[in-house]
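Q: Listed below, chain by chain, are the residues.
2 protein chains.
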Amino acid sequence: MMDVARLAGVSHQTVSRVLNEHPNVSEPTRLKVRAAIAELGYRPNRTARALVTGTSKVIGVVAPNTALYGPASMLTAFEQAAQDSGFAVNVGSVRSLNERSIADAVERHLDQRVAGLVVIAPVASAGPALARLPEDIPLVTIDGDPERASTLVTVDQVAGARAATEHLLAAGHSTVWHISGPADWFDAAGRVRGWQEALQDAGAEQPPLLTGDWSAESGYRNGKLLARLDEVTAIFTANDHIALGLLRALSEHGRRVPEEISIVGFDDVPQAAYYSPPLTTVRPDFDAVATASVELLLAQIESGAPDLTARRTIAPTLVSRDSVAPPPSR
Amino acid sequence: MMDVARLAGVSHQTVSRVLNEHPNVSEPTRLKVRAAIAELGYRPNRTARALVTGTSKVIGVVAPNTALYGPASMLTAFEQAAQDSGFAVNVGSVRSLNERSIADAVERHLDQRVAGLVVIAPVASAGPALARLPEDIPLVTIDGDPERASTLVTVDQVAGARAATEHLLAAGHSTVWHISGPADWFDAAGRVRGWQEALQDAGAEQPPLLTGDWSAESGYRNGKLLARLDEVTAIFTANDHIALGLLRALSEHGRRVPEEISIVGFDDVPQAAYYSPPLTTVRPDFDAVATASVELLLAQIESGAPDLTARRTIAPTLVSRDSVAPPPSR
DNA sequence: CGACATGGTGGGACCGCTCCCGCGACGGCG
DNA sequence: CGCCGTCGCGGGAGCGGTCCCACCATGTCG
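Going down the list, the sequences are from chains A and B.
The letter at position 165 of the first sequence is residue 218 when you use the working numbering, and the numbering goes up by one with no holes.
The letter at position 314 of the second sequence is residue 367 when you use the working numbering, and the numbering goes up by one with no holes.
Only true hints are included.
Since the list can't tell identical chains apart, any single copy or any two copies may satisfy a pair.
In silico lysine to any residue, SDA-like type, Cα no more than 25 Å apart, as pairs:
#1 Lys85 - Ala58
#2 Lys110 - Ser149
#3 Lys110 - Met55
#4 Lys110 - Arg364
The hints are simulated quantities; they were obtained by calculation from the structure and are not laboratory data.
Keep in mind it's a predicted model, so treat the numbers as computed, not measured.
Produce the entire structure from the sequences given, and follow the hints as far as they go.
A: Here is the structure:
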């Protein structure tokens with residue numbers, strides 16, 4: 054920086070001003086400095102800046118270390134959105150979302166003087182750790198506890214599940230079964246609720262809830278059971294992978310989809326259109342979640358204070374394919 | 054740090070020594086300092102350290118911004134491995150792997166004074182940028198150009214493809230068709246080569262190569278064509294998603310798998326066991342790739358010099374399920 | 001016409017840490 | 001017994017920036 058100052062014939066201070074686009078620099082000197090910077094190929098040291106300002110253009114992300122389609126898509130979408138706003142992303146992935154590991158990850162980020170924090174915390178066990186976070190750092194929770202988290206961005210699970218259930222009901226089915234995700238995931242809980250509400254509103258009987266764990270295996274396992282129940286004509290699964298396992302189980306039992314049984318999934322994984330049959334499903338808009346998160350976080354960073362009230366809920370859309378049909382007439 | 058020093062009754066320098074585990078500190082003072090640190094809840098400022106040492110405990114990762122199963126799994130596995138070695142991970146994802154965006158991402162990382170760089174660069178277009186990288190920074194390329202990259206960790210695509218092809222040949226098929234990934238991906242190229250080599254070694258005739266793009270859609274498209282060709286009895290696809298699309302196309306045409314046509318995929322996505330039929334596929338060990346990368350990178354960081362010769366190739370394993378059977382006798 | 005605001009610039013101090021050097025105490029050796 | 005090497009520790013400089021303050025030249029106003 055001193056070199057640049059010397060070459061431009063100004064003080065280091067003026068160079069700093071040019072770098073930070075301070076108004077009080079005359080045009081001629083600004084140009085001289087710019088020229089010197091270009092000639093020397095000078096790049097400011099972000100570390101030094103971070104030291105003196107006490108903050109940096111880095112966002113820390115705490116995310117579960119999983120390749121599950123939802124979280125993974127969320128993460129890449131967020132990375133991109135953050136970068137587009139000029140922020141680097143520091144990922145602290147956590148093997149399990151318990152209080153300790155989250156707290157550890159947060160502390161690691163704080164040591165690095167991140168400007169803000171994003172926690173992708175879809176499970177209830179993350180709650181206590183989040184409650185105990187430092188108050189004075191910008192924080193956005195993605196997919197967190199709707200009851201608790203302060204600044205929260207989330208997919209509207211309830212609305213998505215409602216849409217799925219109502220779609221099946223509208224096709225003529227008297228009721229809809231549901232294979233859920235793991236009970237401690239908010240996503241799963243929201244989808245269960247949307248399903249229940251839709252059933253209630255339609256005055257349909259509510260079948261027992263079957264529990265899965267997002268995996269195709271759990272869909273298969275539950276499918277083995279459902280396949281033997283003649284009265285089952287419509288099933289809504291908590292995600293597409295469960296639906297895949299379910300499809301497999303049904304086909305093994307000779308039950309045809311959608312002629313005998315209709316199915317709706319959730320997530321719209323890129324492969325869903327090539328299941329047999331192509332799967333009708335609910336598509337959450339991960340990009341919208343990501344941009345909303347960045348937006349909210351940046352607002353906090355600029356204002357300097359965490360905003361405890363801001364919320365953003367992204368409505369998913371139903372993607373209709375071939376796995377839904379009217380129930381068989383008997 | 055000064056506060057700690059005061060409380061412990063030593064100089065800031067001694068505190069620094071304790072922190073860095075310098076040998077020349079007596080046990081009593083070490084304990085005093087430790088106690089003071091604990092009492093004050095002091096956490097060293099990594100930014101300040103980075104400024105003076107010129108490096109940090111952060112690894113920069115340049116990765117394509119995709120949710121594709123391979124790259125995404127690689128990334129999360131790497132994050133975990135790096136963290137286990139005490140390094141934070143800065144992800145600079147790139148929309149497209151062209152020279153400019155890679156160079157930009159690298160510069161962003163360099164500005165942050167990362168200790169080392171990992172580039173996940175599975176496509177040929179990344180080549181020029183990699184060649185122009187600064188020489189003096191520890192660098193590991195994952196899935197890069199086998200011909201060029203210096204320190205390279207990669208899945209042995211050729212061996213995996215060989216195994217898949219040989220498995221089909223061993224089942225009695227006279228030859229094996231292949232739907233490849235995009236031509237500019239090294240992964241795809243390696244799989245094509247393994248397939249060709251296996252065919253040659255077995256003295257089997259080599260059918261024309263069909264090109265896909267990793268997507269189920271491309272598998273479906275090619276499948277529409279293959280389904281009409283009576284002589285096709287065995288197909289090896291470049292990944293599982295292509296296989297899924299292929300399965301769908303074949304079933305639409307009434308061709309049965311594995312009775313009429315056998316299929317082997319690549320990647321072993323978690324859902325592969327629930328395709329119809331469960332898919333025989335090749336499983337790359339992403340964790341092994343990740344640990345090897347971290348190992349190689351750390352070795353460079355410690356030695357201070359890039360190692361231009363180190364390479365690591367991870368052998369994949371064949372996972373046998375139900376999509377392979379002997380060819381139909383005519 | 002003098003006082004005072006205003007814009008452009010420079011000179012330090014300082015952020016929190018590590019590194020270099022220097023100093024006293026102690027012990028082994030000739 | 002004196003010399004020197006080693007150990008344990010402290011003082012100060014400096015990493016590369018930003019921030020506060022002081023300075024000087026203008027322009028503006030009563």
